[in-house]
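S.K.: With these hints in hand, go ahead and build the complete structure from the sequences.
Heads up: the sequence lines are chains A and B, in that order.
Mapping of the first sequence onto this note's numbering: position 22 corresponds to residue 42, and the numbering continues sequentially without gaps.
Mapping of the second sequence onto this note's numbering: position 99 corresponds to residue 247, and the numbering continues sequentially without gaps.
Mixed in with the good hints there might be a few duds.
Capping the alpha-carbon separation at 20 Å, the derived lysine to aspartate or glutamate pairs in DMTMM-like fashion look like this [said to hold, decoys possible]:
(1) A:Lys71 x B:Asp246
(2) B:Lys228 x B:Glu170
(3) A:Lys120 x B:Asp219
(4) A:Lys120 x A:Asp91
(5) A:Lys125 x A:Asp103
(6) B:Lys227 x B:Asp246
(7) A:Lys125 x A:Glu35
(8) A:Lys125 x A:Asp91
(9) A:Lys125 x B:Glu207
(10) A:Lys71 x A:Asp91
(11) A:Lys125 x A:Glu37
(12) A:Lys90 x A:Glu74
(13) A:Lys120 x B:Glu207
(14) A:Lys125 x B:Asp219
(15) B:Lys227 x B:Glu170
If you are wondering where the hints come from, they were derived from the structure by calculation, not from laboratory data.
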Amino acid sequence: GQQLNQSPQSMFIQEGEDVSMNCTSSSIFNTWLWYKQDPGEGPVLLIALYKAGELTSNGRLTAQFGITRKDSFLNISASIPSDVGIYFCAGRNSGGSNYKLTFGKGTLLTVNP
Amino acid sequence: SQTIHQWPATLVQPVGSPLSLECTVEGTSNPNLYWYRQAAGRGLQLLFYSVGIGQISSEVPQNLSASRPQDRQFILSSKKLLLSDSGFYLCAWTRGADTQYFGPGTRLTVL
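M.R.: Encoded structure:
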């Protein structure tokens with residue numbers, strides 16, 4: 021089956037630092053999504069990407085749809101304590117069943133004030 | 149706007165007892181509906197999805213089942229819970245191939 025490799029698995033940073041995480045796929049995706057999950061809650065959509073090369077921002081967050089369509093990146097600038105959580109990437113491929121997403125295993129972000 | 153509800157929020161059940169978790173979506177029609185389980189290891193495991201009433205696709209063989217008795221209602225069930233069924237259960241919905249949105253989740257502990 022399809023696999024998404026998300027890295028890093030965890031990050032420990034100081035408040036104010038920038039953060040970068042990425043996902044790579046073994047197959048081509050036509051949609052990339054980035055979610056954030058706070059403890060005990062459901063994942064919340066941060067950014068959706070629909071076109072290769074697309075660069076989209078949401079406040080301090082910026083995500084890019086890789087030109088090869090097999091990867092995506094999420095950057096967080098000037099991190100703050102409330103950025104703590106698990107960040108998931110997810111992709112939907114361009115063939116077969118279009119109903120399912122493939123998820124990365126998540127990046128656990130800890131921000132030290 | 150669309151909203152998704154799950155209940156209960158938390159549940160503690162003994163091994164061998166039955167289970168019924170409910171998910172409902174408001175503000176949309178004919179959604180695709182999904183059940184995921186999230187274990188302590190953080191990954192999201194797709195259990196079931198449904199593209200319409202009475203249509204259920206199972207992703208992982210297990211002692212769980214799903215049903216969709218109404219357009220915007222999705223139920224996760226078990227006749228006899230196992231210890232390994234403990235986890236965080238998430239319901240999600242989409243309209244076709246659109247973006248997927250998650251509910252608040254149900255924390256299930258099987259003792």
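S.K.: Decide, hint by hint, whether the structure agrees.
M.R.: Here is how each hint holds up against the structure:
| no. | hint | result |
| --- | --- | --- |
| 1 | A:Lys71 x B:Asp246 | holds (14 Å) |
| 2 | B:Lys228 x B:Glu170 | holds (17 Å) |
| 3 | A:Lys120 x B:Asp219 | holds (19 Å) |
| 4 | A:Lys120 x A:Asp91 | holds (18 Å) |
| 5 | A:Lys125 x A:Asp103 | holds (18 Å) |
| 6 | B:Lys227 x B:Asp246 | violated (33 Å) |
| 7 | A:Lys125 x A:Glu35 | violated (24 Å) |
| 8 | A:Lys125 x A:Asp91 | holds (15 Å) |
| 9 | A:Lys125 x B:Glu207 | holds (18 Å) |
| 10 | A:Lys71 x A:Asp91 | holds (12 Å) |
| 11 | A:Lys125 x A:Glu37 | violated (23 Å) |
| 12 | A:Lys90 x A:Glu74 | holds (13 Å) |
| 13 | A:Lys120 x B:Glu207 | holds (10 Å) |
| 14 | A:Lys125 x B:Asp219 | violated (31 Å) |
| 15 | B:Lys227 x B:Glu170 | holds (15 Å) |
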